[in-house]
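Use these hints to put chain S onto chain V, whose structure you have.
What follows is each chain in one-letter form.
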Amino acid sequence: MAANLMNGAQIVLECLQREKVEVIFGYPGGVTLPLYDAIYDGPIKHVLVRHEQNAAFAAQGYARSTGKVGVCCATSGPGATNLVTGLVDAMMDSIPIVAITGQVTSKLIGSDAFQEADTFGITRSGTKHNFLVKTLAELPRAIHEAFYLASSGRPGPVLVDITKDAFQASGHYTPVTSVHLPGYRVYTEGHAGQIRRAAQLMMEAQRPLVYAGGGIIHAGAHDELRKLVEVLDAPAVCTLMCLGGLPGNHPNFISMPGMHGSYAANMAMTETDLLIALGTRFDDRVTGRLAAFAPHAKVIHVDIDPAEVGKIRMPDVPIVGDVKRVLERMLEELAGLRESAGRESGLDKKDKQAEPRKQWWAQVREWKEQHPLEPSMSSDEIKPQHLMAEIDRLSGGQAIVTSDVGQHQMWAAQLIKFHHPRLWLNSGGLGSMGFGLPSAIGAQFARPDKLVFAICGDGGFQMSIPELATVANQSLPIKIIVMNNGYLGMIRQWQELFYNNRICSAVLECFPDPEKLAGAYGFKGSTVERPSQLRKALEEAVNEPGPYLLNVRVSPFENVFPMVPAGGAINEMVLTQPQPVEVG
Amino acid sequence: MLQLISLLMENKPGALMRVTGLLSARGYNIESLTVARTLDPELSRMSIVVDVEPNQRAQVIKQMNKLVNVLQASDVSEGPAVRREMVLVRVRSTMQNRTSILKEAEIFQARCVDSSVEGFALEATGDPEKLNEFIDVMRSYGEIEVTRSGLVAVSLDSKKLRLAPPVAKEVEAPSL
Chain V
1 MAANLMNGAQ IVLECLQREK VEVIFGYPGG VTLPLYDAIY DGPIKHVLVR HEQNAAFAAQ
61 GYARSTGKVG VCCATSGPGA TNLVTGLVDA MMDSIPIVAI TGQVTSKLIG SDAFQEADTF
121 GITRSGTKHN FLVKTLAELP RAIHEAFYLA SSGRPGPVLV DITKDAFQAS GHYTPVTSVH
181 LPGYRVYTEG HAGQIRRAAQ LMMEAQRPLV YAGGGIIHAG AHDELRKLVE VLDAPAVCTL
241 MCLGGLPGNH PNFISMPGMH GSYAANMAMT ETDLLIALGT RFDDRVTGRL AAFAPHAKVI
301 HVDIDPAEVG KIRMPDVPIV GDVKRVLERM LEELAGLRES AGRESGLDKK DKQAEPRKQW
361 WAQVREWKEQ HPLEPSMSSD EIKPQHLMAE IDRLSGGQAI VTSDVGQHQM WAAQLIKFHH
421 PRLWLNSGGL GSMGFGLPSA IGAQFARPDK LVFAICGDGG FQMSIPELAT VANQSLPIKI
481 IVMNNGYLGM IRQWQELFYN NRICSAVLEC FPDPEKLAGA YGFKGSTVER PSQLRKALEE
541 AVNEPGPYLL NVRVSPFENV FPMVPAGGAI NEMVLTQPQP VEVG
Chain S
1001 MLQLISLLME NKPGALMRVT GLLSARGYNI ESLTVARTLD PELSRMSIVV DVEPNQRAQV
1061 IKQMNKLVNV LQASDVSEGP AVRREMVLVR VRSTMQNRTS ILKEAEIFQA RCVDSSVEGF
1121 ALEATGDPEK LNEFIDVMRS YGEIEVTRSG LVAVSLDSKK LRLAPPVAKE VEAPSL
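Those sequence lines, one after another, are chains V and S. If you count by my numbering, then the first sequence holds residues 1 to 584, one letter each, in order. If you count by my numbering, then the second sequence holds residues 1001 to 1176, one letter each, in order.
With the rest of the complex left out, here is chain S:
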């Protein structure tokens, strides 16, 4: 079963590897992963979709929170959240179906970002279900090539709202 996890972590070398290493060590397959800086350049937010047994989901979150580089890991598979993904589709077109392709793309609010005699490159964003339908429709028109970005999510749960990272306590190095 797919679990969508949103992580706030330190923007440091190796931090990404720690998260993915944790998952691969337990044999969980990563379906998609995106990560980028937040407003605070020291911090990144990562959205990761992982295939996990339902009874292991809480444990996965706990293990991620244990990582020193991770400030906060939360499960955003369920509950109020905005989940978006971007897809770039190259579709081969014939002279006859060029207009239909464009009209179809308009229905999905996809933009045409490249046009040539061979076909189009289309860009669409939306929730994963909508994008799956878009890809299916485009596939029916001809050969296609698909590049997906991976899911990005922001939780709408008021408890999980974090505009700034939590302020950590300045701790004395024990003996100093």
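Isolated chain V, as found in the complex:
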């Protein structure tokens, strides 16, 4: 393309098109007016949200459901600061998004100008990297570097802060064809020797366990994961960020480990002799008290981020690399080892482990049977677990489900099965309330063919009510299911269990009438509270061609179990409701 005269804003859009961006979630402001004037000429679609925080969450929903880089846009000052929660959230869960923010004119920087904020400084620690662009010349490089950084290695959010004069400056645009980042390295290939050692340990292990994390999803390594699990015939746990990485109905899947993980998963993590950690970071919600975590196990740790390997637990076999590439090589090694073991006359190496492995599986199955994750039912009131089981039934492992943060999130994770990756979208590392609805907006844009459920608690839902306008405006057929127990449920649970049931500021009164609320935005809403009517209500919501707001009144005092108390070891779970407490 011949160099031609464009202004900064047009150049930004040209670069975004080259990066194959189709939609931007944003909110305009004074310093981004030049950008919006360029957006007016198309072809990139701009979705107007009703709060910048939700632009960042929507960009995340787009990225989480496709693996592509999500894009959000805000103006200077308060626009940019409103993005911070969404950026830090993306940082914690390693989600590739690029945020474009406007900044005041270069010569005004530092003068406390109108709507000026030190966006570059404020977002420094909450992004993988950020840029402040003051001149036209730096613009294309900054944008392309931003996309490259966001989507490569360990993905993450990147912010590009562009001054108003840079947007308005006019000049010849020369396309950038390569990025040069001398300080940035991506380690894709794992060390061959380490991979061999790992394969050897896998052959010898008597009680192996696969511990798969979000990295499997980011790498697109779900097939390789499944193959490894089947070749080893090992039980496998998936963290909150990896649900769907292994199909939820796979026979080797023993659910999620950690604070609200399954009994079988936590016991297996504790008793394993070989912990195969793939694309995961030994988060404190998963490990519980470190001294008691996997005390008998050798650890193989595969991760693309060298800083994660050895951060929490020193592995016996550290492997820095792209987990998909590493698993491919590992499967080759294992195939080779099994072949040579099979060729050995007499004692087959595999046979030596057959008996202990059988016993290991028998033990794992026993744990599953002792304390299964089962939905409890009642005929008088809708149990939250019953709601999740019904959504699971309607989804059949295929729907996109976003959730907000709290008790409903844990029950959804425990009880809804995902047969594919990138269907379960939730805020794990940061746990940001208000995530459920806007991320569903982003996901529905990315996957218009999919049925999208946004499951929110009554608390989280009320943090994102403004986006009902976006849902209506864009005619997004999202099924918003509010699990309504009248409380900030997780807070109430902790206050009940650890603060003598002194419930403070956890009661949510004055919840809006959903029929009126949805009606105010021009779509359907209703409430259901009888268990016998739950299925019909959900089906009505799903069959409605447009969006639907279903308020589901559930038992107010259910607690999420199993639970590992903070600071506890994961094999010391509280499994059922302790002795009844005086209701305060």
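Rather than coming from a laboratory, the hints here were simulated on the basis of the structure. Positions of the beta carbon are idealized from the N, C-alpha and C atoms, including for glycine. Watch out, some of these pointers could steer you wrong.
[What the hints assert, rightly or not] Think about it this way: if two alpha-carbon atoms lie no more than 20 Å apart in a straight line, the pair counts; the simulated DMTMM-like pairs of lysine to aspartate or glutamate are: (1) V:Lys524 to V:Asp513; (2) V:Lys368 to V:Asp513; (3) S:Lys1062 to V:Asp283; (4) V:Lys311 to S:Asp1075; (5) S:Lys1012 to V:Asp118.
[As the list claims (entries may be wrong)] Residues of chain S placed beyond 10 Å of chain V at every Cβ, according to the derived structure: (6) Met1001; (7) Arg1090; (8) Ile1144.
Same frame as chain V, but now just chain S:
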């Protein structure tokens, strides 16, 4: 415990803040910091002394290497290295001890860079232990004011020798 880190980084606005921000975010106190351009004007070398638990030292280096502006971070607390610091000391002198001060300074190979009726300004360079002794000795002569530059180090480890920055791969922006 003090850890001395040598960093090769891009000479860009905000790069310094990223490194110090990383440390302050984790609550590590920075004892001293110096940074200056290298032969390549696009790159700076930073020497930073930070108070870190021994079991966190490897993690600190890894986190610094993660920063996009940092080409290389290495721990030069131990191992073969040259570690130097400069100190400027103003010492108040009496008529009687003027000559002694100068003689003492000579022992430490310190230079006198200013002389007045009130006292001297002395400049000394050397490894930190030598400079600590120098300051103690000067303090015994009278009131002093000390300005230290912070540690600068160059590793003598052959593995870590980097005369030029590592050549990075030209990477295609993915979709272009």
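Okay, the hints, checked on the actual structure:
| no. | hint | in the structure |
| --- | --- | --- |
| 1 | V:Lys524 to V:Asp513 | 12 Å, holds |
| 2 | V:Lys368 to V:Asp513 | 41 Å, violated |
| 3 | S:Lys1062 to V:Asp283 | 18 Å, holds |
| 4 | V:Lys311 to S:Asp1075 | 17 Å, holds |
| 5 | S:Lys1012 to V:Asp118 | 17 Å, holds |
| 6 | Met1001 | 19 Å, holds |
| 7 | Arg1090 | 34 Å, holds |
| 8 | Ile1144 | 37 Å, holds |
Violated hint for the displayed structure: number 2, the only one.
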